[in-house]
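Protein chains: 4
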Amino acid sequence: MTERSPARHVVLAYSGGLDTSVAIRWIAEQYHAEVTALTIDVGQEGELVGALDRAKRNGARDAILKDAKRPFVEQFLWPALKANALYEGIYPLSTALARPLIAKTLGEAAVTLGADAVAHGCTGKGNDQVRFDVALQTLTPQLRIIAPVREWNMNRSDEIRYAQTHGIEIRATHDSPYSVDENLWGRSIEGGRLEDPDEAAPEEVFDWTGHPETWPRTPEEIEVTFEAGVPTALDGEALGPVELVRRMNQRAGAHGEDRVVGIKSRETYECPGAIALLEAHRALETLVLTREVLQFKAGVDRRFADLVYEGGWFSPLRESLSAFVDATQSVVSGTVTLRCFQGSARAVGRRSEHSLVSHELATYGTADAFPSEYAVGFIHLYGLPNRLAYAKRSTGAGAAPDDGRAARSVPHRA
Amino acid sequence: MTERSPARHVVLAYSGGLDTSVAIRWIAEQYHAEVTALTIDVGQEGELVGALDRAKRNGARDAILKDAKRPFVEQFLWPALKANALYEGIYPLSTALARPLIAKTLGEAAVTLGADAVAHGCTGKGNDQVRFDVALQTLTPQLRIIAPVREWNMNRSDEIRYAQTHGIEIRATHDSPYSVDENLWGRSIEGGRLEDPDEAAPEEVFDWTGHPETWPRTPEEIEVTFEAGVPTALDGEALGPVELVRRMNQRAGAHGEDRVVGIKSRETYECPGAIALLEAHRALETLVLTREVLQFKAGVDRRFADLVYEGGWFSPLRESLSAFVDATQSVVSGTVTLRCFQGSARAVGRRSEHSLVSHELATYGTADAFPSEYAVGFIHLYGLPNRLAYAKRSTGAGAAPDDGRAARSVPHRA
Amino acid sequence: MTERSPARHVVLAYSGGLDTSVAIRWIAEQYHAEVTALTIDVGQEGELVGALDRAKRNGARDAILKDAKRPFVEQFLWPALKANALYEGIYPLSTALARPLIAKTLGEAAVTLGADAVAHGCTGKGNDQVRFDVALQTLTPQLRIIAPVREWNMNRSDEIRYAQTHGIEIRATHDSPYSVDENLWGRSIEGGRLEDPDEAAPEEVFDWTGHPETWPRTPEEIEVTFEAGVPTALDGEALGPVELVRRMNQRAGAHGEDRVVGIKSRETYECPGAIALLEAHRALETLVLTREVLQFKAGVDRRFADLVYEGGWFSPLRESLSAFVDATQSVVSGTVTLRCFQGSARAVGRRSEHSLVSHELATYGTADAFPSEYAVGFIHLYGLPNRLAYAKRSTGAGAAPDDGRAARSVPHRA
Amino acid sequence: MTERSPARHVVLAYSGGLDTSVAIRWIAEQYHAEVTALTIDVGQEGELVGALDRAKRNGARDAILKDAKRPFVEQFLWPALKANALYEGIYPLSTALARPLIAKTLGEAAVTLGADAVAHGCTGKGNDQVRFDVALQTLTPQLRIIAPVREWNMNRSDEIRYAQTHGIEIRATHDSPYSVDENLWGRSIEGGRLEDPDEAAPEEVFDWTGHPETWPRTPEEIEVTFEAGVPTALDGEALGPVELVRRMNQRAGAHGEDRVVGIKSRETYECPGAIALLEAHRALETLVLTREVLQFKAGVDRRFADLVYEGGWFSPLRESLSAFVDATQSVVSGTVTLRCFQGSARAVGRRSEHSLVSHELATYGTADAFPSEYAVGFIHLYGLPNRLAYAKRSTGAGAAPDDGRAARSVPHRA
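Going line by line, the protein sequences match chains E, S, Z and D.
Note that numbering that gives the first Met the number 0 gives residue 389 to position 390 of the first sequence, counting from 1, and the numbers run on in steps of one.
Note that numbering that gives the first Met the number 0 gives residue 257 to position 258 of the second sequence, counting from 1, and the numbers run on in steps of one.
Note that numbering that gives the first Met the number 0 gives residue 210 to position 211 of the third sequence, counting from 1, and the numbers run on in steps of one.
Note that numbering that gives the first Met the number 0 gives residue 256 to position 257 of the fourth sequence, counting from 1, and the numbers run on in steps of one.
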């Protein structure tokens, strides 16, 4: 694989970190190509503008910043929130949701610029390369995909040496063993001691949630208002989508909410706003959706999360799952009171004009409005199939229970 | 329960049969109410107009015929077809799909007429009363529901005697032990020897499909054209929805297609057009939907059928399932060739501009376009988790297989 | 319903509270029957022995205490734990799991004593009557079921007046608006202000978890050891099942863990040990089960919880779900470190000889052991179906992407 | 890839066809290895012994025949039958079920013979290579896998030329464009005109089912007896597993039952015995399993079929699914009458001591045994959630229906 067929113009998804800084030069050399560095703003922290200047000094033909925060929230985070998207029940998919957006934006930029290839900094292990490549191949199959880190054989020291040899300017960086990915929906931290599932994450890996000693000693309540499944206001103040997520990260993050230890291995997540909004959304759904919708939607939500984790955002299945989810959300409007305290956010109050709870009947003492014969009839028919199944079991084909004459509560006329 | 609080004006879903003929008078007597007979045409055979005259002679204040065939097909049958709705995998839900339409039409008529109650002829056993009552209570909760057959204690002989005593004119009827329900989507037959699941259905219960000796000795091919999941033409001839279903019943029915023995017990179905269209739709879907859509949709389709069978047509869950289904159908356009022969219809050809099958690669001899290394890489990563799971099993925590170093094909960066 | 056909000997599930204290006399009067009071110890707090004496003074022919704590844990709680049973994702089903055990024990006692009826104190609303009646009808269909509270029309004041009039000795009780059910797996509190879903639960309803001001300021770590899905030791100390659950309630409860606001409405739960054990079990499963098992088991677990909530413990489906679950648990052995702190317990470390994580490959720098061509091949085939589906979409039937020649990664020879 | 590291001793899964005949010599040359030819009898037709002699004459060090028919039926076909395994609802997985058995037998033979590699004849496209490789890597990871057809670049003409050049004796073969795989559970035919999904399969591809003109003009009934989900007798005659499947193929096959056109593309199946047994098993299950078991099992069955199709036989998930299935089968005992006629087999009668149908109640006229109040109560509570959901919808939060005071049929005490 030493001989690579040349590319003409490569648009690189550029983060400003070591990998993609080195990649600018490496791609130019290996593919005899011009390289445009594209930084996509999905709410990551850090000085993006300085990184762009550095990219140009390091050989990029051009360096472009694209603000994608609003489409990120509206087209990716809100659909995920409506689907209660928590992979394995714990991870809000912050990195997994940003990848398809970045791939789409990257591919569109390459088409616009007339480039013949795109490049990303994923390694040859892990889900991220799958998400990038699958999205790119699906949306812009005419573009060649270059993955420098997957193709070369450099480790971190090699990269630093390559940078020094080639006069590549890299960000002064403390020698952290961790790799961090960050956007509006959360931070993912991997590497170092986090590789060992039996090691608790050290305090140093956290950033958005301060040290436990700084967490307030008193709870803070936040009212989140939803319209059709989408949050629109905090404490009654209407907020745009980007601002709302940011504000939620700050407020819930201040209470340390919510640090999650990764799945099977190896990542630690810090997603305070996401976790708090997901808790509020879930609590509102239980108030307004019927039990049979909740039960079936649980399976849809789970499939949605698995699919997004595995790189399937741009797929007919994901779109169809979203159609189901959207159809359920028209009644998910109302207000949830979250109580943030010491590392967790709990829904402690919920109200909605679509509430299926009715205060009157719930109260003791009004039972007479509701004939107890109804309950007796319901129970009789509801339990009939199991009753008969067990009767057969205990007695063979012999004595059936006196009333167990049919297998179904409601047998005739299908 | 002998004393009944009076009603004012009752709209009765009137079929013209013995039960509802007797019910006109019985309701008038028991509830001191005026009765309007409403016959809803969902494609059942029989002289509906004569029945209306009889209703008036039997004491109905008015007798009305409403043609609901087109909404039945467009609003109930097509959504069911798109969901491949076969209860327990065999029953096209012909009766179950008509019930909510009839209940809705009945309730709307009662509201329009200013009536305070509706009545239907269901017995106190079986799913039909559930479907009627639940739909009526959901859509028109302000209306009282009267179910004469469920309330009175008459069997068939009692009813005939009641008719004679009260001078009620009933249709001359051969003394059939069977109860039949019929509409555009099929016939359901129950009663008599069909009660015994170990008895084959006698030839006499069938009507739409002739005697096997009359079935043609040569197959007949029918081309069904679909647009977005809905059939629009037969053999290239564009047809309206009602005519298309009718034509399909005749053509597939002539070959005896498709008689189905009921579930657990007790019904026999004769639904030639429905079964043939469902087979064609299913065959087209396998050509144009991705495997992951087909797999998830199988569960959605199953839930849809169960829900409709159990009376849940008018429910948030059914609507949301339909939203999923509809989202999958945009590519379900194309033409299927059915071969009808001796009691069954099979899809023997399928074509679509959305076909996911590509003729070239499928053909032997072009393997070189498709690097076999891709397959080796795929298999290696695809099989990794099970490989490691079994390695642990056989050896305890000891020797891992040489390449089994990770539990997931694509481990990093969630 | 004033006239009741007499019973001979009724065994009453007796809690010692107001309802069942009054019921002893009421049943005797209404049914002309002898009443045996049976108290079943499932770990509820309170002086059970004193209650038995009181039952006899109040007219019971006999009063019996049966210790069912160990079968409760082994036959009900452990199967639920293995199925990660959390109804709607939040409620550990403490009350729902005890009901079938109590019903079974009650029915068996009645059969042993030669009684012809059983009685329980459920109201005519709610799931508890369903759980009791269905279990009793399934297991001991020959017994008549009497539900005094459902049958009579007394509210709390009526009951107290009835007790005074009839000289029934009742426990001196502060006039709490709450109704509490308690066993080893948790406390459920309902009534009073809890009826309103928009009201946060007041501090006074909590008992096992102290006031937040008493929660320790430093985290506590607990090591939970599992064998085949069942916890067997805490901090390395082997414990019997009852003792283990108790110890967990105390230790996690001291940190306030974990108070849950109920579903749709109306209950508040306090289940510190259950929640902590469920968190530990879930965390261990993600370490040792393959992704495809985790994904399918999520649906099984959800169905299990729904079914138990709805009264279906004794059913062929629950038994079959448990068979699936048990088959997955042979590798769920290992140790989880929980960190309890300020109202929540989080798994922060996990180790198992069946771990599917392999430390070596996870570490950066060994990528060369794992050919990146494998990943490229995997991605190519994995993404093929969606790639082709989108190509069709954008171009009609026209230009397929250059490599999109087949709909499936692995097309031939089914 | 021209240079291959040598193997020592390769055990080849040998069918006697062109591919594997040529492979003996090719492997010996390319890998400088000794080759043992292993033919595994899974019920395929053809003179296996003659093929073994030919293998030796063509250079195999040894040629071995292993009869695996009984383990094939007992360990693979019966579990699949119990799971109603039909991929996409139509294909009985005949080829897919044999692959893991062959891979297991091949690997075990290689270990026994002290070989260091195994070889199979799969191409580099399609599922079969996945099934072989994944099973081999899982069970015998220490063995190297060689796939000559995937590795070389020969088409059919190349292979014949290679055979002629190297003096390889091949079976005289008419120049069929089709590729056939055959075992006890069915025949799969691919290639030629079958590649085009819009072409009906030509008559010439069928072998087990004769020409339609030969199908009897009168139906034939076959009684199939099951014990715990497994067929044990035909027409009352107890038969061993292999003989039973064979007999069923002959009897159902004589009536042309059941030819299936493949999925998405490209295969045609001829599986008369499998389809007939699956129909009988399904029909018996609907008689004896409760509705909630049938509904959940439908999803388990579907996952089972998908998993087996995709090569996952040897996996923790398949084993756990089988545990669920087995737990449901204890009551699947009884006798089904199949009617075979003109290309299809239908269950027309069913009896079982575990039947959940009860003849008495089903019959009209005994309704009085079953209070109609039960039905009214059931319907009232069953329909409550949807009723309230629609009430909210139509009126906003305003007027609730008079009885719609609670969202759940059975609200209290979770």
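No lab work stands behind these hints, which were simulated from the structure alone.
Everything numeric in this text was worked out from a predicted model, so none of it was measured.
Don't take every hint at face value.
[What the hints assert, rightly or not] Take a look, some chain E residues computed to stay more than 12 Å from chain D by CB distance: (1) G45; (2) R160; (3) R392.
[As the list claims (entries may be wrong)] Derived CB-CB ranges, DEER-like: (4) Z/A237 with D/S4: 37 to 43 Å; (5) S/E226 with D/S329: 44 to 50 Å; (6) E/S329 with S/A232: 31 to 37 Å; (7) E/I63 with S/E318: 42 to 48 Å; (8) D/R155 with E/D40: 53 to 59 Å; (9) D/Y177 with S/E73: 39 to 45 Å; (10) S/E107 with D/Y177: 56 to 62 Å; (11) D/S329 with Z/K55: 53 to 59 Å; (12) Z/D66 with D/S329: 29 to 35 Å; (13) Z/T111 with E/T217: 37 to 43 Å; (14) S/P215 with D/G166: 52 to 58 Å; (15) S/E226 with E/E107: 30 to 36 Å.
Here a beta-carbon is modelled for each residue, glycine too, at the ideal position from N, C-alpha and C.
Structure-based check of each hint:
1. No Cβ of chain D approaches the Cβ of E/G45 within 12 Å, the least distance being about 42 Å, so the stated non-interface status holds.
2. Residue placement check: E/R160 keeps its beta carbon more than 12 Å from all beta carbons of chain D (closest about 33 Å).
3. A cut-off of 12 Å between C-beta atoms contradicts the statement that E/R392 is not in contact with chain D; the least separation is 8 Å.
4. Hint check: Z/A237 to D/S4, Cβ distance near 52 Å, so the stated range 37 to 43 Å is violated.
5. One distance hint, 44 to 50 Å for the beta-carbon pair S/E226 and D/S329, holds here, with the actual separation near 48 Å.
6. Hint check: E/S329 to S/A232, Cβ distance near 35 Å, so the stated range 31 to 37 Å holds.
7. Checked against the hint of 42 to 48 Å, the C-beta distance between E/I63 and S/E318 comes to roughly 44 Å, which is consistent with it.
8. Separation of D/R155 from E/D40 is about 57 Å and conforms to the stated range, judged on CB atoms against 53 to 59 Å.
9. Checked against the given bound of 39 to 45 Å, the beta carbons of D/Y177 and S/E73, roughly 44 Å apart, stay inside it.
10. Checking the proposed 56 to 62 Å range against S/E107 and D/Y177 shows it holds: the Cβ atoms sit about 59 Å from each other.
11. Roughly 45 Å separates the CB atoms of D/S329 and Z/K55, a value that falls outside the hinted 53 to 59 Å.
12. In this structure the supplied range 29 to 35 Å holds for Z/D66 paired with D/S329, their Cβ-Cβ distance being about 32 Å.
13. Here the CB-CB span from Z/T111 to E/T217 is close to 56 Å, at odds with the stated 37 to 43 Å.
14. In this structure, S/P215 and D/G166 meet the distance hint of 52 to 58 Å, their C-beta atoms being roughly 56 Å apart.
15. Taking the beta carbon of each, S/E226 and E/E107 are about 31 Å apart, inside 30 to 36 Å as hinted.
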